[in-house]
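Asker: Chains as they are written, first to last, in UniProt numbering: chain G, 1 to 475; chain Y, 1 to 475; chain U, 1 to 144; chain E, 1 to 144.
Hints are computed from structural coordinates only; laboratory data are not their basis. A hint or two may mislead.
Calculated pairs, DSS-like style, for lysine-lysine (alpha carbon to alpha carbon, straight line, at most 27 Å) [as the list claims (entries may be wrong)]:
hint, chain 1, residue 1, chain 2, residue 2
1, G, K72, G, K41
2, E, K5, Y, K401
3, Y, K72, Y, K41
4, G, K72, U, K5
5, G, K401, G, K378
6, U, K99, G, K72
7, Y, K401, E, K100
8, Y, K378, Y, K401
9, Y, K72, E, K5
10, U, K5, G, K401
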Amino acid sequence: MTSKIVLLGADRAGEAPHSVPGAESLPPLEESVAYVRALGKPTAAQVLQDARESGRVAIQPRCGVGGHEEMKALLRDLEAQAAPDILTLTIDAHTRLKRFEQALRTLNRDPRDLNGYPLVTHGWQRGRDLNESVAAPLEIRHGSPDARALFDVSVASGITSFEGGGISYNLPYSKAVPIAESLAAWEDVDRVCGRLAELGLIIDRELFGTLTAVLVPPSISLAISVVEAVLAARAGVRCISVAYPQSGHLVQDVAALRTIPLLARRYLPEGVQVHAVFHEFMGVFPRGRGHAEDLIFYGALVARLGGASKLITKTYQEAYGIPDTRANVEGLRLASRANSPLLDFVAVDADRVAEEQQWILAEVADIVEPLLEQPDLKAAVAQALERGTLDIPFSASRYAKSEIIPKRDAEGAIRYLSAGSLPLSRRALRRNDELLRRSEAGGADPGLGSLLADLTGDINYFLTLFGESDREGTS
Amino acid sequence: MTSKIVLLGADRAGEAPHSVPGAESLPPLEESVAYVRALGKPTAAQVLQDARESGRVAIQPRCGVGGHEEMKALLRDLEAQAAPDILTLTIDAHTRLKRFEQALRTLNRDPRDLNGYPLVTHGWQRGRDLNESVAAPLEIRHGSPDARALFDVSVASGITSFEGGGISYNLPYSKAVPIAESLAAWEDVDRVCGRLAELGLIIDRELFGTLTAVLVPPSISLAISVVEAVLAARAGVRCISVAYPQSGHLVQDVAALRTIPLLARRYLPEGVQVHAVFHEFMGVFPRGRGHAEDLIFYGALVARLGGASKLITKTYQEAYGIPDTRANVEGLRLASRANSPLLDFVAVDADRVAEEQQWILAEVADIVEPLLEQPDLKAAVAQALERGTLDIPFSASRYAKSEIIPKRDAEGAIRYLSAGSLPLSRRALRRNDELLRRSEAGGADPGLGSLLADLTGDINYFLTLFGESDREGTS
Amino acid sequence: MQQRKIILGVAASDAHAVANHLIAHALRGIGYTVVNLGTCTPVEEFAEACREHPDAEAVVIGSLNGHIHEDLRDLAATKAEGAIRCPVIVGGNLSVGSKKDPAALERLYRLGVDRIVNDPAALPAVLDELRATRPVAEPLLAVS
Amino acid sequence: MQQRKIILGVAASDAHAVANHLIAHALRGIGYTVVNLGTCTPVEEFAEACREHPDAEAVVIGSLNGHIHEDLRDLAATKAEGAIRCPVIVGGNLSVGSKKDPAALERLYRLGVDRIVNDPAALPAVLDELRATRPVAEPLLAVS
Ligand code: B12
Ligand code: B12
């Protein structure tokens, strides 16, 4: 168990890097770049590039526990037993919200009460210690509207991949952080990535297209990633990973993944490396172990079919809580099977994928092009969220209208029952309507009660599919 | 650890049932039938029927250890952790060859030195004890040219599935048992199955089409199963499982599995239930754990695509030795994933399968029809083996000529480089030649040394595929 | 007749919004006035809402991320001060990890939680029961 | 010049034939006369072959099924009787289970095995070596 520690670096929270007292304790960027070079492991960007070139999907777990020694053991065990391509430090929910004091208090009381690793509290020397104890590069995964303190400690730790974005790590993760603030904070992060790139170190900046994870229409996920990617590239980021969450519908998911390189070509400058990342199903997970494992393998197979560079795995304990090491190992090993050379024969209907792709591209264009035309993209984003012309379902934040109502069609693909104020074309809206109408037996306008029931049914899609109707599966 | 025991029932070895001293110790058939009825579990035949009707592949491990308590724990652990549809008692290699004394001696010295459960030595009361300790029905898997003593103990134990056949459990499993003897011994077994069926108990009789497991051409496997199935049906057997071993080539394997119901319709009387059983790859297994697991999952998926009623699994320890419980559990769980409803979209090229199926059917017909026309099928089989018109590669027995030389074609399917004296049609021989010639770069007649090298290469097919060239994978 | 009213929210460090949205919808659907403070709501914000809505029958707090104990750290003190007078109901995923130790629930009661409810569908009955047994003098009509 | 000769076979309870076939082919390919007794060969059958082929340089026994110890139980006695005089080489998978205990090999030496060889490719060198060091008087030509 970790011995008591005092707070390091947290005093800089919310401040621009290198401008506050306490920053002296962090090494200069140059030193961190030299450190990474001397570390003798590939950067996350290199691993992603290699995966793409060899036609494999790189595999990465979610993992984070409160105590330092426990975190080190977790990383080592995962590497020894499942050899993921990239490892994760998942950060606890206090740190995400800059509740550093609470993180520290919990850490000192009982690190097991933390749902992630409080890196800021542990400090960058311990970050390096983690980094040095495994061969795979690390990524920081969190959910911080303002991640600057965390990012500084991450860079000082020699960590080469950092998740988040001014929209995707605000709306799903906080209630009352104005979007202009989070965009500004993430612009700071991205600028530092730009400087690091000039110093020769490429940081992989992953955008959290998963958003609120539950029934997110693909064009919403991708549109927000496009906006964040454009902002990141303008700030100097050179490697961008676009994460897309499994909807559960084969054609829709493969189409969405395959759309990512097209979007990159259309909206991003050359010279920016862009990777598609697939998140195994991020919504309500089946409770039965076999069912969860079916979904885990299926997700990994879809990642392969969609040409993702990387997959983020789940475990059969997802429905219950933070997984133990063994469950995490088994999730990774199972997902790895989808990379098997023996599965080359598995294919998906190319025509249907191409058709779906055209629609996704068109919807994304409807949403992002009015924004990208604006001279001040950050301001345009804030305004669009206020008006609902950019929006997400189930927002945790007041700064999105959350008018969108998603619904699964008869085949299980996620469509817009209501697109709220999104500027979708008539054609797109008509197609969404038609696809959804096909799934209504009667076609009558559903009342509010049935709307809630429908929504719950769609949220619990995989529970129903596996016959776990009462939410009580077998573990 | 099992306490010392003395030999029960073994004195009957090699004798016809119910005709020798010592048989008194076994209960009458009627009592065993009543016992099975009272046991409160489905028979293996019922489980297979249910699996077929629900479109699932039933899953079954190989498992057998020497000690009784250890065997019970193994069965219970496998059931608790992986819930296979059918469980196995794999019998040790001494018992298989009626070396009961050696089995007893090893059991008393150290049961861990046995490569299976010596059921005859333990006796039928212990067999019932095993049967009662799990919910799934049991099958006896062994490799006995003369299994009568074992079968009697099996029936008395209330076990409803029994593997073997007069050809398939002779040629791969013994050196010097004349084929007429093993055919006669298995006819005895099948007759008792007939009597049991009259008493209302259907015993699933599985035929070991896997044979010598290494590079067995599908038409050899299926032809021998057809002959054994016809003999079994004539003796009164009502449920026949035809096991076919994975060659590793998708189209060939799916075609072979889908041919089994056609063969049943063509050569077997109505009223005999016939199931296709798939054996996950039975040849040289990759040593690397991930590679082995890729192969395990792939095998299970092929079983599903081929419409098998049942799959016999392997483990990632296959290349090393008898697996431990955990490896066995993991093999079962992994194979179960191939039953996932989420994989309905996975398909195989129907035209290529249909074409391959026609050829398999034709080759099988070439081999079996001359035999089935004979008035005395058993005599005809013995003669055919002597002449080489029925044959297997790598025979363990002197009673097969083993002139067949198998070879993988450019795609990995198993073809006849030499069909020996098999009565294959000119067309079939020409197709085999052509397919193999396509895989030869030069097309020159290979010398003996290169023939041996080619053969070894084909045997080590999956080692090469996974890049385990030096046979030293990582475990 | 006045509508029944509850205060709803998600614990301070917790951003899980979906169950919160659905529970609010569902309670409104059966006639409740729901003051939904949404995600990331510290105890003092619940207390403020109680001041603004003295007629609220209960404070209903969801927590999924495992941090409920730290997030409700000030609850007992806040109740002692009288800043929260109505019963506090908590539901969700109430500890970190996949194996749940009942001690985690004990700790919650010690922190000042009055009721722990698993299934949102059980909320109306629990609210009725709390109302029926509440130690206040004013006469109330029990509605189901 | 006389061809070199070995006696080959698989242990008594063991039916694994493939390695046996391949090793026989390979040794014949480099000029050996191979008396292949095949699978399921008890010690007494090896002894008989030794009587018939006194010029055999070695008895080479394969075992894969894990039963080698019981299958070679009579080997020491048979050697003591003089019924097998040439060296006995054993190879294959020499115990039951996936985790191998070196004690299993010790036990084999105690049973009268002279050499344990893993890789069939190493057989020619081992045969050469055994021949070169063999305690017999008659002069021999070492061939590789
Ligand atoms: C969607 C999701 C997310 C989304 C949330 C988006 C959003 N803003 O809403 C995102 C991706 C952002 C997310 C983030 C995180 N998540 Co999350 N998430 C989930 C997931 C997959 C589904 C949750 C959901 O929406 N379910 C649908 C709703 C309707 O049901 P529910 O939330 O499960 O609630 C049910 C009951 O708990 C109960 N209930 C819930 N609230 C209440 C309240 C009352 C009063 C009552 C009576 C009942 C009740 O009723 C519901 C219906 O049965 C769950 C795992 C799962 N269940 O499959 C993990 C899960 C809840 N998340 C978890 C964690 C840890 C996190 C993170 C900390 C990241 C991390 N370390 O891994 C961050 C949290 C950040 C933060 N500051 O809180 C853990 C909690 C672990 C634990 N307790 O041990 C879970 C269980 C996943 C896991 N196995 O690790 N998450
Ligand atoms: C094919 C096979 C079979 C076939 C054999 C057909 C036949 N008649 O030949 C069938 C299906 C019939 C079979 C049956 C059984 N088998 Co089997 N079989 C295999 C398998 C899959 C491949 C063996 C093979 O042919 N390899 C190809 C040849 C070329 O290589 P090899 O045999 O591995 O040998 C190499 C080395 O061992 C060495 N070598 C071998 N012999 C010799 C001899 C000398 C002198 C030297 C120097 C070297 C040497 O050189 C070879 C090349 O590197 C192996 C597992 C594997 N390896 O993947 C199991 C395996 C050998 N079988 C095994 C067992 C236990 C059995 C059974 C007892 C059934 C059971 N309980 O599960 C029965 C045995 C019946 C009996 N009476 O012996 C076990 C042995 C377990 C142990 N030692 O712990 C294995 C390892 C499978 C397992 N993991 O459980 N089997």
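Asker: All hints, please: hold or fail.
Answerer: Right, here's what the structure says about each hint:
At roughly 17 Å between alpha-carbon atoms, G/K72 and G/K41 fall within 27 Å of each other, so this suggested pair holds. For the given pair, E/K5 sits about 24 Å from Y/K401 by alpha-carbon distance, which is consistent with the 27 Å threshold. With a CA separation close to 17 Å, the supplied pair Y/K72 and Y/K41 stays within the 27 Å bound. Between G/K72 and U/K5 the alpha-carbon distance is near 48 Å, which puts this suggested pair outside the 27 Å criterion.
Distance restraint check for G/K401 and G/K378: the Cα-Cα separation of roughly 17 Å lies within the 27 Å cut-off, and the hinted pair is therefore satisfied. Taking the CA atoms of U/K99 and G/K72, the gap is near 21 Å; set against the 27 Å cutoff, the hint holds. With a C-alpha separation of about 36 Å, the suggested pairing of Y/K401 with E/K100 is violated against the 27 Å cut-off. Straight-line distance between C-alpha atoms of Y/K378 and Y/K401 comes to about 17 Å, which keeps the hinted pair within the 27 Å bound.
Among the hinted pairs, Y/K72 with E/K5 is inconsistent with the structure: their alpha-carbon atoms are about 48 Å apart, more than 27 Å. Restraint check for U/K5 and G/K401: the C-alpha separation of about 24 Å stays at or below 27 Å, so the hint holds.
Consistency with the previously given hints fails for numbers 4, 7, 9, ordered from lowest to highest.
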